[in-house]
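> Listed below, chain by chain, are the residues.
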Amino acid sequence: MVAKRIIPCLDIKDGRTVKGVNFVNLRDAGDPVELGRLYSEQGADELVFLDITATHEKRKTLAALARDIARNLSIPFTIGGGISSVEDVHVLLESGADKISINSAAVKNPDLIDELALNFGSQFVVVAIDAKWTEEDWTVFLSGGRVPTERRLMEWARECQERGAGEILFTSMDHDGTKAGFACEALSDLSEQLSIPIIASGGAGTEAHFLDVFTEGKADAALAASIFHFREIAIPDLKHYLSDHGVPVRL
Amino acid sequence: MIAIIDYNAGNVRSVLFAMERLGKEAVLTADPEQIRSADKVIFPGVGEASTTMAYLKSSGLDQLIPSLTQPVLGICLGMQLMCTHSEENDTDCLGIFPQAVKRFIPDPAHKVPHMGWNSLENIRSGAFLPEEMNGEYVYFVHSFYVEEGPFTIASSSHALPFSAAMQKDNFFATQFHPEKSGKAGEAVLQHFLKI
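So the sequences go chain by chain: A and B.
Going letter by letter, the first sequence gives residues 1 to 251 in the numbering used here.
Going letter by letter, the second sequence gives residues 1 to 195 in the numbering used here.
In isolation and in its complexed conformation, chain A is listed as follows:
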């Protein structure tokens, strides 16, 4: 049976990790490769690197980062953050990225999903969706959650799948940062209505939240950042906890 995946997410700016990372045994916690390696050794199943660099030099730093990670790590990784064209993605593939994630660019230009799936295969294309509960439905937001759109979560996720997305990474803005648990109800709806894997993001605070997201939320993978970076939850402990509760994980 395919294992449920645990995915640490690293925010990158100008080639360095940004969130305050609290690891004593790390030579350089600001080095994405070093931190990625540590997570890989602890049993992370995949890694997501989210580039929040705002400059036009971004494409170059992203490609260099992808190459550096691919050279040094032997688990799959996704790169996201401001990717908006087939050319951007081609460079990342050439540099060794396993997947890319697109967010705002897909909402603004949905044909991009079709183009990427056609050029690089669905398995390469993760569509990230940020959404917030507003007046009886989930509204999709752009630009890191600042700009609301006309899109609703479920119809947009279904359209992404039809256009060729290989996975959906859903972040509930209502849950993100609360450490009060994932948006299990919406996740479970997504999982039941779509046939591609769903990655849950936003709200992880305890080991029990991960158990909930895999059972009630029916997610295929769970992503979290600060609770791993600040060592509030250690990945080996989390995986043993999940395994003890009957969730298939890679130990």
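Think of the hints as simulated: they come from the structure by calculation, not from any bench.
Treat each hint with caution, since some may be false.
Straight-line Cα separation of at most 20 Å, EDC-like style, residue types lysine to aspartate or glutamate; simulated pairs [to be verified]:
1) B:K183 to A:E34
2) A:K108 to A:E159
3) A:K132 to A:D174
4) A:K13 to A:D88
5) A:K179 to A:E216
6) B:K183 to A:E41
7) A:K60 to A:D14
8) B:K194 to B:E131
9) B:K24 to A:D88
10) A:K108 to A:D88
11) B:K183 to A:D68
12) B:K57 to B:D6
13) B:K102 to B:E148
14) A:K58 to A:D68
15) A:K218 to B:D107
To spell it out: a stretch of chain B is covered by chain A in this simulated footprint if at least three of its residues, at any positions, have a beta carbon under 8 Å from a beta carbon of chain A; those stretches are [claimed, not checked]:
16) 44-54
17) 181-187
Computed from a predicted model, the values in this text were never measured in an experiment.
Backbone N, C-alpha and C fix where the C-beta goes; we use that ideal spot for every residue, glycine too.
Use these hints to put chain B onto chain A, whose structure you have.
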């Protein structure tokens, strides 16, 4: 020297990087002479079957690959293309393994693509995949699969059992990505390089 067949497939570079990590010299090449004279050949692949077969035909690699006599390792799409026929856009393949490649049908408990870590089961091989690796998790990303058959040397399951690895004479193949499967994957690559 290890030749990694360079064609228009995604992510050939991650196999090259995996060789670097193992301290092995490898080259990405589509040159028939260089491929024929290599000690080992790796036929990687992420992509779509019909486009890739068309490319292999246009470059003559479709004739070269089945005629190789040194150990050859097909990975993912590489393994599927070593079979007879693929349901992916009704594509005739290289015919090294007398097997058909079929499409996974998704159901609520089994998403497609089959993506993530799954365990190796029922290993029936020697040096390439030792039995101690039964139960080891390796990384898969695929929407098509090869049924179990006479040349299957390890299985895995996703709604139904399928070939996780195959071997026939000097041809070895894995549906999973050893270059992305952490320590377990590195062990598989090392076993192949020692054959």
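> Does each hint hold? Answer for all of them.
Evaluation of the provided hints:
A distance of roughly 17 Å separates the Cα atoms of K183 of chain B and E34 of chain A; the hinted pair therefore holds under the 20 Å criterion. Under the criterion of a C-alpha separation no larger than 20 Å, the hint pairing K108 of chain A with E159 of chain A is consistent with the structure, at around 13 Å. Taking the CA atoms of K132 of chain A and D174 of chain A, the gap is near 6 Å; set against the 20 Å cutoff, the hint holds. As the CA atoms of K13 of chain A and D88 of chain A are separated by approximately 17 Å, the hinted pair is consistent with the 20 Å bound.
This hinted pair checks out: K179 of chain A and E216 of chain A have alpha carbons roughly 17 Å apart, not beyond 20 Å. Annotation: proposed proximity of K183 of chain B to E41 of chain A holds, straight-line Cα distance about 9 Å (limit 20 Å). Our distance criterion of 20 Å between C-alpha atoms is met by K60 of chain A and D14 of chain A, whose separation comes to about 10 Å. In summary, the hint linking K194 of chain B to E131 of chain B is supported, as the alpha carbons are separated by about 17 Å, within the 20 Å threshold.
Annotation: proposed proximity of K24 of chain B to D88 of chain A is violated, straight-line Cα distance about 30 Å (limit 20 Å). With a C-alpha separation of about 16 Å, the suggested pair K108 of chain A and D88 of chain A falls inside the 20 Å cut-off, and the hint holds. Simply put, K183 of chain B and D68 of chain A have alpha-carbon atoms about 19 Å apart, close enough for the 20 Å limit, and the pair holds. Of the supplied pair hints, the one linking K57 of chain B and D6 of chain B holds, its CA atoms being roughly 14 Å apart against a limit of 20 Å.
Taken as a hint, the K102 of chain B and E148 of chain B pair is honoured in the structure, with Cα atoms around 11 Å apart against an allowance of 20 Å. As the CA atoms of K58 of chain A and D68 of chain A are separated by approximately 15 Å, the hinted pair is consistent with the 20 Å bound. Distance hint between K218 of chain A and D107 of chain B is fulfilled; the C-alpha atoms sit about 13 Å from each other, no more than 20 Å. Residues of the stretch 44-54 of chain B lying with their CB closer than 8 Å to a CB of chain A number 3, which satisfies the three-residue condition for coverage.
For a cut-off of 8 Å, the count of residues in the stretch 181-187 of chain B with a CB near a CB of chain A stands at 5, and the three-residue condition holds.
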